[in-house]
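Residue numbers (the numbering used here), protein chains in the order written: chain R, 35 to 462; chain W, 13 to 287.
The reader is advised that the hints may include incorrect statements.
Distance condition first, Cα-Cα at most 20 Å in a straight line; then the derived EDC-like pairs of lysine to aspartate or glutamate [said to hold, decoys possible]:
#	chain 1	residue 1	chain 2	residue 2
1	R	K66	R	D397
2	R	K66	W	D72
3	R	K210	R	D186
4	R	K66	W	E77
5	R	K318	R	D186
6	R	K210	R	E88
Derived by calculation from the structure, the hints in this document are not laboratory data.
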Amino acid sequence: MTAAGMLLAGGAQAGGTLTIATVNNGDMIIMKQLSGEFEKAHPDIHLNWVTLEENVLRQRVTTDIATHAGQFDILTIGNYEVPIWARQGWLAELKPGPDYDVNDIVPSVRAGLSVDSRLYALPFYAESVMTYYRTDLFQKAGLTMPQHPTYDQIRTYADRITDRDSQTYGLCLRGKPGWGENMAYVTSLVNTFGGQWFGEGWKPMLDTPEWKAALQWYVSAMKADGPPGATSNGFNENLALFASGHCGIWVDSTVAGGLLFDPRQSHVADRVGFSAAPTGPYGKGPTWLWSWNLAIPASSRHADDARIFIEWATSRTYVQLVAQHEGWVAVPAGTRVSTYDNPDYQKAAPFATFVHSAIDNADPNGQTKQPRSYGGAQFVGIAPFQAIGTQVGQTVAATLSGQMTVEQALGAAQASVSRTMRQSGYLH
Amino acid sequence: MARTSTRLRHAAITVLAWGIALWMFFPILWMFLTGFKSEPDALSTPPHFLFHPTLSSYQDVFARENYWHFATNSVVISVMATLVALLVSIPAAYAMAFLPGPRTRMTLLWMLSTRMLPSVGVLVPIYLLARATGLLDSRTGLIVIYMLTNLPITVWMLYTFFREVPVAILEAGRMDGATRWQEVTQVLMPLALPGIASTGLLSLILCWNETFWSLNLTSSIAAPLTTFIASFSSPEGLFFAKLSAASTLAVAPIMVFGWVSQKQLVRGLTFGAVK
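All chains, full assembly: derive it from the sequences and hints.
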């Protein structure tokens, strides 16, 4: 950490070009469009944007930081990477200036970006999980969605509104294999069924009755009420299905709210209802907390300018700038308490209070029935999780496509996770 | 009877050839069509062949990124890498074809084997070398890498083409007093021109389509069209129509170039096939 700090201090230069590595999400595209305002206010700082696919960005940035190449000055990274990379000494500690309202950041989000009470990134937008449903289909079936549904209720409702002849599928859930795709959802499902990835001492807990019950619910519900080819459906595919009127219920990220309520992107914008993510037998949870954040790599040669830009892009002033240009519904969600207190935002985004509550109550360290040795809500905050999550994601997808039974899948997953954990030195 | 049977066979082969051609071309056609769809239409289930075409994805693509910057990089890097590869390959292939040593065959096989090495296996050393020489995110860096990765193919192809040239013709040139330089430039190269042209075309196509090194060694200054495509993929939000529009813009120049030069390419690739 000291080395990172020294590198940062030694390499800092005033003025010049900042290279920003980012992903192609709607909020980032708006940030890029509005960045001219920043350059006007800071004529000595020029911005250079590098937009990459999420996994390519991780690979590029990892190589760059590990070799101290210094190609990037600002990184767009998730709250999965921030603590891991900060502990490696790859990120510079962020100490916002006196004008920056750091206490306005949603506490749960801020906690996910801190290591030993030191802040290593500032959040650009954040998300949790919620249930979306079609109000017209529920009305037609004489159903009412409760504010806090259970998974049993979701299954009953999905059965009632599925109509395969009209290609209306009662339930859409992520099925595409990947640690950030199906396993983000499955992890939150398993948690609320009382299961978890690891116990104390990093003992894998995938062959437990809780995992079995959760996966049996998932496979059975998706086979009965899910769309065909569900193993190809990730967030984007389900968004397209729901937005084009093919889904009755969808449990996924809160970020979808802004897209589903936007008539330019959704054919069902006036028929979307929302409620909390369903709960299972455990009752508590599920927790889900993801944020896209801006951080400075320890190898940056323009750390001071980078900090100025990050403070601008994550500030209250920036939120107001987006509102002026794109409307309040388009402002970055989930990061600032002041955004949710704003009456204009509450009016433009009917889901605002709900999303705030979901994010505020999400525990960045997760919420599981048994004690555990890891952090992370819908992921496990250790470096091997990308490999483990994707490995198990493929096994889970195999149960959905009928290639494996739930028992076979969990047996295989337990064995492969144990092997990887031993190879990584976590398990002896 | 025999004539009818021949006609039927020809017709069947023609239908089969068209079927295979359409099957191979379908992904490109689908990409082209998707570029003119709205984002919800691009992911509709079942897929739509009939839709209201829109140019909004193309407008978005041009608004978000500077296409011409990426396209210029692609042209400069591909052309320069190909020219340098030919400059190195022609003398190498000449030496191996006409002045073979005891280890020539092994050298050729070793060169080819380097193509079998997964690129990611040498990513870190090459990244470090590029960093040390200041070639990260530079056109020169990519030209050198592309030239080196294509060298085994260009040397092999030219070696095969040169082997088809009768040695007696070169000897006749020598007897008439031609120097080595004249032998290569005035006798060998004109005779093997279709082969050299097709080698150059193939190298150009490989350079244009290369993704791994361009994604890993460039960021903004030297980024070619392959990174332009990658920038339109999104983890959260609909992007297939925009990605298809960007892909169409990225492959269009090389496809047009391929169509224009296909006669030359086929002529070169079949050079010496019939004696």
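Any hints this thing doesn't respect? Which numbers, in order? Failing hints, ascending: 1, 3.
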